[in-house]
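Line order of the protein sequences matches chains A and B. Letter by letter, the first sequence follows residues 208 to 480 of my numbering. Letter by letter, the second sequence follows residues 208 to 480 of my numbering.
It is possible that some hints are incorrect.
Calculated pairs, DSBU-like style, for lysine-lysine (alpha carbon to alpha carbon, straight line, at most 35 Å) [unchecked claim]:
no.	chain 1	residue 1	chain 2	residue 2
1	B	Lys479	B	Lys349
2	A	Lys479	A	Lys349
3	A	Lys259	B	Lys479
4	A	Lys479	B	Lys479
Derived CB-CB ranges, DEER-like [as the list claims (entries may be wrong)]:
no.	chain 1	residue 1	chain 2	residue 2	range
5	A	Ala435	B	Gly373	26 to 34 Å
6	B	Asp304	A	Pro346	34 to 42 Å
7	A	Ala223	B	Lys349	50 to 58 Å
8	A	Glu358	B	Thr303	46 to 54 Å
9	B	Asp304	A	Asp308	37 to 45 Å
10	A	Val212	B	Gly373	19 to 27 Å
11	A	Pro390	B	Gly437	47 to 55 Å
Calculated directly from the structure, the hints in this document are not laboratory data. In this text, a Cβ means the ideal position worked out from N, Cα and C, and glycines have one as well.
So you can see what is in the structure, the chains are spelled out below.
Protein chains: 2
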Amino acid sequence: MSTHVFDQALALTAQAEGDYLGASHPAYWNMVGPYGGITAATLLNAVMQHPKRLGVPVALTVNYASALVAGPFRVVARPVRTNRSTQHWTVELWQTDAQGDDGVVTTATALTALPRTTWGVDEVAMPAVPPPSAVPPVPLFKGVEWIQRYEVRPVSGGIPRVWDGGGTTSLSQLWVRDAEPRPLDHLSLAALCDVFYPRVWLRRATQVPAGTVSMTVYFHASAEQLDATGTGCLFAQAQAQAIRNGFFDQSAQLWNEAGQLLATSHQVVYYKA
Amino acid sequence: MSTHVFDQALALTAQAEGDYLGASHPAYWNMVGPYGGITAATLLNAVMQHPKRLGVPVALTVNYASALVAGPFRVVARPVRTNRSTQHWTVELWQTDAQGDDGVVTTATALTALPRTTWGVDEVAMPAVPPPSAVPPVPLFKGVEWIQRYEVRPVSGGIPRVWDGGGTTSLSQLWVRDAEPRPLDHLSLAALCDVFYPRVWLRRATQVPAGTVSMTVYFHASAEQLDATGTGCLFAQAQAQAIRNGFFDQSAQLWNEAGQLLATSHQVVYYKA
Numbered sequence: 208m209s210t211h212v213f214d215q216a217l218a219l220t221a222q223a224e225g226d227y228l229g230a231s232h233p234a235y236w237n238m239v240g241p242y243g244g245i246t247a248a249t250l251l252n253a254v255m256q257h258p259k260r261l262g263v264p265v266a267l268t269v270n271y272a273s274a275l276v277a278g279p280f281r282v283v284a285r286p287v288r289t290n291r292s293t294q295h296w297t298v299e300l301w302q303t304d305a306q307g308d309d310g311v312v313t314t315a316t317a318l319t320a321l322p323r324t325t326w327g328v329d330e331v332a333m334p335a336v337p338p339p340s341a342v343p344p345v346p347l348f349k350g351v352e353w354i355q356r357y358e359v360r361p362v363s364g365g366i367p368r369v370w371d372g373g374g375t376t377s378l379s380q381l382w383v384r385d386a387e388p389r390p391l392d393h394l395s396l397a398a399l400c401d402v403f404y405p406r407v408w409l410r411r412a413t414q415v416p417a418g419t420v421s422m423t424v425y426f427h428a429s430a431e432q433l434d435a436t437g438t439g440c441l442f443a444q445a446q447a448q449a450i451r452n453g454f455f456d457q458s459a460q461l462w463n464e465a466g467q468l469l470a471t472s473h474q475v476v477y478y479k480a
Numbered sequence: 208m209s210t211h212v213f214d215q216a217l218a219l220t221a222q223a224e225g226d227y228l229g230a231s232h233p234a235y236w237n238m239v240g241p242y243g244g245i246t247a248a249t250l251l252n253a254v255m256q257h258p259k260r261l262g263v264p265v266a267l268t269v270n271y272a273s274a275l276v277a278g279p280f281r282v283v284a285r286p287v288r289t290n291r292s293t294q295h296w297t298v299e300l301w302q303t304d305a306q307g308d309d310g311v312v313t314t315a316t317a318l319t320a321l322p323r324t325t326w327g328v329d330e331v332a333m334p335a336v337p338p339p340s341a342v343p344p345v346p347l348f349k350g351v352e353w354i355q356r357y358e359v360r361p362v363s364g365g366i367p368r369v370w371d372g373g374g375t376t377s378l379s380q381l382w383v384r385d386a387e388p389r390p391l392d393h394l395s396l397a398a399l400c401d402v403f404y405p406r407v408w409l410r411r412a413t414q415v416p417a418g419t420v421s422m423t424v425y426f427h428a429s430a431e432q433l434d435a436t437g438t439g440c441l442f443a444q445a446q447a448q449a450i451r452n453g454f455f456d457q458s459a460q461l462w463n464e465a466g467q468l469l470a471t472s473h474q475v476v477y478y479k480a
């Protein structure tokens, strides 16, 4: 088994088919609970480790129903429909909270499919930006643990230095990869889709409580593209479309250094204001 | 009860709390099975009718695991986590197929939340386009039933007239509303998010088998904005980001005539090529 901290964080022990034990890992701790990206990767990992899995991930939706607490949890993954070339999954993460109540904390659905090669095109091209070597990595948010697990090179839309309410855009662009080198796979790609800080902070230059409530990832990368990406940087871009009445959306794209669009992602985020 | 065909199509009869009977409706029939938008609205309707529902829809993800057949089905909606102001749902649609096998045909997750008013901004503005009155409605696809239920006024990216492989973009823009007037609500807004024909048809000017496998809708509209929209047209826009290896994604935005962004949506679509 890999000794990389990412693999340690999403390690699962099978108790029965599709029924796993795991534990939240301090290396990916956010402010209240684990980094959402590591939870997404953990639920996907339950699918990946299932002996009845067909194919590779195409879509993943993770719903953050309640905050995980430190300690053990249970993940149950179930293939609800297996077709000739596609398979649909439901996943639940159960945990006992501080009051001793056991309940569903996170839900997910996933689609896996046998790889096929077809005609294709990238409709959205990677923006023209300086290569990662030309963008210095920035230490971000000392004190928040999970961000230390990533090498982040902000290209535009970094965290505001002055919280003066004067923001004009919610677009952030950055180069990013695991701080400790690890070849990209579907699990780390899923985790990276949640790497962005809350869009409302940037658009309004105001720091308010915010948390992702649902995230969807569409995986466009083939095995060959993942292999070719290896430990290289991803160019990650995110922007809100609507910020209103306590929730905003975020659309994100992640390309590899060769300019191949590996994943697109969307999330809806709760915020106070 | 409304006599509008849309309401008839998604009518559910409660058998027990969160356990409903419904039936696929011929008025929304697609080529093989019902229009995906009516199925999405039906699953959301199971949440809306649940006596324990808290608040209004914020997010909905629907996974089309298998094709529905004509006839009755069962929908089971379950609130898996109820917080102070938010509630997380899982929904399953069960149906007995032609071989007599009962199974899960569609799964969904949803988030509802108590309405709140906060600071907000529309980050993505509606494109400058002619008003619906300046764009003649076009009868589309005679023979496909569900599209007859909508008044469609294509602005750009209409269905190719020549299938010559010469497409250059996957962007479609149209004005759309129920053909028989019906005030917009969350249910019809969810259905409209699936109104677009397959992006690969446009981008490649080639008609290939294609079907949505997962769709997510984020609802940005407040009750006041829905009321103000009424029976007016929506400006709907959709585009793929990546078309590759048998699946493509689609990002969509729906504005009302006043230019308010009511919903954003994403889907991943299977295609043959």
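Hints, verified against the model:
no.: 1; hint: Lys479/B x Lys349/B; result: holds, 24 Å
no.: 2; hint: Lys479/A x Lys349/A; result: holds, 24 Å
no.: 3; hint: Lys259/A x Lys479/B; result: holds, 25 Å
no.: 4; hint: Lys479/A x Lys479/B; result: violated, 44 Å
no.: 5; hint: Ala435/A x Gly373/B: 26 to 34 Å; result: holds, 30 Å
no.: 6; hint: Asp304/B x Pro346/A: 34 to 42 Å; result: violated, 56 Å
no.: 7; hint: Ala223/A x Lys349/B: 50 to 58 Å; result: holds, 53 Å
no.: 8; hint: Glu358/A x Thr303/B: 46 to 54 Å; result: holds, 53 Å
no.: 9; hint: Asp304/B x Asp308/A: 37 to 45 Å; result: holds, 39 Å
no.: 10; hint: Val212/A x Gly373/B: 19 to 27 Å; result: violated, 50 Å
no.: 11; hint: Pro390/A x Gly437/B: 47 to 55 Å; result: holds, 54 Å
Consistency with the previously given hints fails for numbers 4, 6 and 10, ordered from lowest to highest.
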